[in-house]
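Engineer: Sequence:
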Amino acid sequence: MIEAKTILLVEDEAFIALAERRTLEKHGYTVLTASSGAAAVRAAEENPGIDLVLMDVDLGSGMDGPEAAARILEHRDLPVVFLSSHTEPEVVARTERVSSFGYVVKDSGETVLVASIKMAFRLFEAKRDAADREAALAESERRFHRMLDVVPDMISIHDPEFRILYSNWQGFGAVPEDRRKPGTRCHQTYRGLSDVCPDCRAGRVLRMKTPFRTEAELPDGTWVDIRVIPLLDAAGNVESFMEWVRDITESRRAERALREERERLRFIIDGAGLGTWEWDVRSNRTVFNDTWAAMLGYSLEDLTPYDYKTWVRLVHPDDIGRAETALDDCISGRAPQYECEFRMRHKDGHWIWILDQGRVMTRDDQGRPSLMFGTHTEIDRIKRTEEELRRGLDEKELLLRETHHRIKNNIASIASLLSLHAGHVDSPEAQSALNEALGRVRSMQALYTKMLSAREDVREVSVPEFLSDIADSVVELFPATVSISLEKRFDALSLDAKQLFPLGIILNELLTNAMKYAFTGRAAGRIEAALERRGDRVTFILRDDGTGLPPGFDPADSRGFGITLVRILSEQLGGTARFESEAGTRVAVEFSLR
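As numbered in the working numbering, residues 1 to 594 make up the sequence shown, in order.
If you are wondering where the hints come from, they were derived from the structure by calculation, not from laboratory data. It is possible that part of the hints are untrue.
Below, in silico cross-link-like pairs of lysine to any residue (SDA-like), each with a Cα-Cα straight-line distance of 20 Å or less [what the hints assert, rightly or not]:
(1) Lys5 - Glu46
(2) Lys106 - Pro89
(3) Lys309 - Cys340
(4) Lys347 - Asp319
(5) Lys209 - Glu161
(6) Lys516 - Lys408
(7) Lys309 - Thr325
(8) Lys408 - Ser468
(9) Lys106 - Leu18
(10) Lys516 - Gly562
Beta-carbon label-pair distances, calculated as ranges [what the hints assert, rightly or not]:
(11) Leu400 - His421: 28 to 36 Å
(12) Glu402 - His346: 38 to 46 Å
(13) Ala492 - Leu400: 22 to 30 Å
(14) Glu582 - Thr520: 13 to 21 Å
Because the structure is a prediction, the values reported are computed rather than measured. Virtual Cβ for every residue (Gly too), placed ideally from N, Cα, C.
Taking the hints into account, I'd like the entire structure generated from these sequences.
Structural biologist: Set out below in structure tokens:
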């Protein structure tokens, strides 16, 4: 339902006002009345709901209709329709000084009056709509200008005659204040020239009606990106054009620095003989340098186009699974970079070894790899050299083992001869000397046995097993006339032959002496053999509960071969030997690991 309009009827004749009021109310209007100009001004101020003023021109003494209407329009934006019985030009002219929406002659009839009021409402709404559009357009233009003012680029809009219609602050900022005036020609404002700039691009745009873009270096060394954009009307004619100028000096410097850096990098890579590749993971497109192709006997033209499948076909079938696994580990993020050695087919058909390395350089918003970069290094000579060295080492290892076997067999032969000889002599002193020699030979035999049984490294042998075997073989040389309890405690340790052999001879000499002399006249005895490690220091101990050392015994003055041998071998180990006699004999040999 449309709300009824309210009309302020200003008429000083009461009967006329009553008749006009009834007419207007019959057509659905709400009518307020005022009999004078002053009353009309007050009513307009006190009643904000008034939608139209129907104003008589002559209102008797005091304020007339045009003056009252002018006073009302100073504070209210309302449509005013004048109503008068006068048609004289001078009366009508009085109303023309006031913005009105009609002039109705009294007694024109009801139809004319109502039609004039409706027309006034339509004209007023049209005027208000136009004003709203103009205000919105002006506000939009202000917002647009505010946005352009904060743009770091120079933006200037000109008409086809090169007059400036608008310039943002970046455009006017470098212009002297007295020349910052819209409507002036651009060449005068920006450059102080009397004619069009000699390098002006706008003339071409005006003729072709198409945008133009270029980059130029200014006399001060500044680089700018210049764009000239035509703005066409509905008929396709250029009604104005925009100049957009951006300072790209830093960008140009960065690009130049990047080109120089790339050239340096390319020089280094080419000088190092490295092949390079860039792989677009999404499109499978791959780019190589000349060195990459030359490694396989190709030129870049031979490998165009090139993608992932081509690489797969060139890699040796036995290596492709390993290479793809390494590549997938890098792409998935399980490995920080990709690295793999594999064989690739040369153009002439033979296989060459390649070290392939790379990493993901960029990923998309979902974290998926988009670009990988890597290098190819030919390692064929290195791999073949490694293979030759490996074969040489295997041959030398085999030869060394064979030598050890022969030495072991020779030692076994010597031990057999000593054992046979000891069994055919009658002199106890001779038998004892032969058995001591046999013990030393068996120590050497035990060492070689352990060295030959070592699978990984023949240079180091387990100490506990070696010493335990020697101790057992020494005890077996003596008749079971005395019950000997032998306790063995050896820390887990591995030594090379240079330290292990002297240690074995020392154990043989000390244990032989204990078996021969410590338990004379006794039916039983106890011997303890131990090896202890503390950091890089090793202590070997042989202790018995026998008769102890002779009174006044000094190992430095001893002329016995066994004691002398123990002292010499201890020095060979880089250590010392201590002899103690307390509830038996205790000998401690201490040395450092090498």
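Engineer: Run every hint past the structure and note whether it holds.
Structural biologist: Hint by hint, here is what the structure shows:
1. Lys5 - Glu46: 17 Å, holds
2. Lys106 - Pro89: Judged against 20 Å, a Cα distance of about 16 Å means the pair holds.
3. Lys309 - Cys340: 18 Å, holds
4. Lys347 - Asp319: 18 Å, holds
5. Lys209 - Glu161: 15 Å, holds
6. Lys516 - Lys408: 28 Å, violated
7. Lys309 - Thr325: 15 Å, holds
8. Lys408 - Ser468: 19 Å, holds
9. Lys106 - Leu18: Cα-Cα ~14 Å, so holds.
10. Lys516 - Gly562: 12 Å, holds
11. Leu400 - His421: 28 to 36 Å: 31 Å, holds
12. Glu402 - His346: 38 to 46 Å: This hint holds: roughly 40 Å between Cβ atoms.
13. Ala492 - Leu400: 22 to 30 Å: Distance hint for alanine 492, leucine 400 holds at roughly 26 Å.
14. Glu582 - Thr520: 13 to 21 Å: With Cβ atoms ~18 Å apart, the hint holds.
The structure is inconsistent with hint 6 alone, although it conforms to all the rest.
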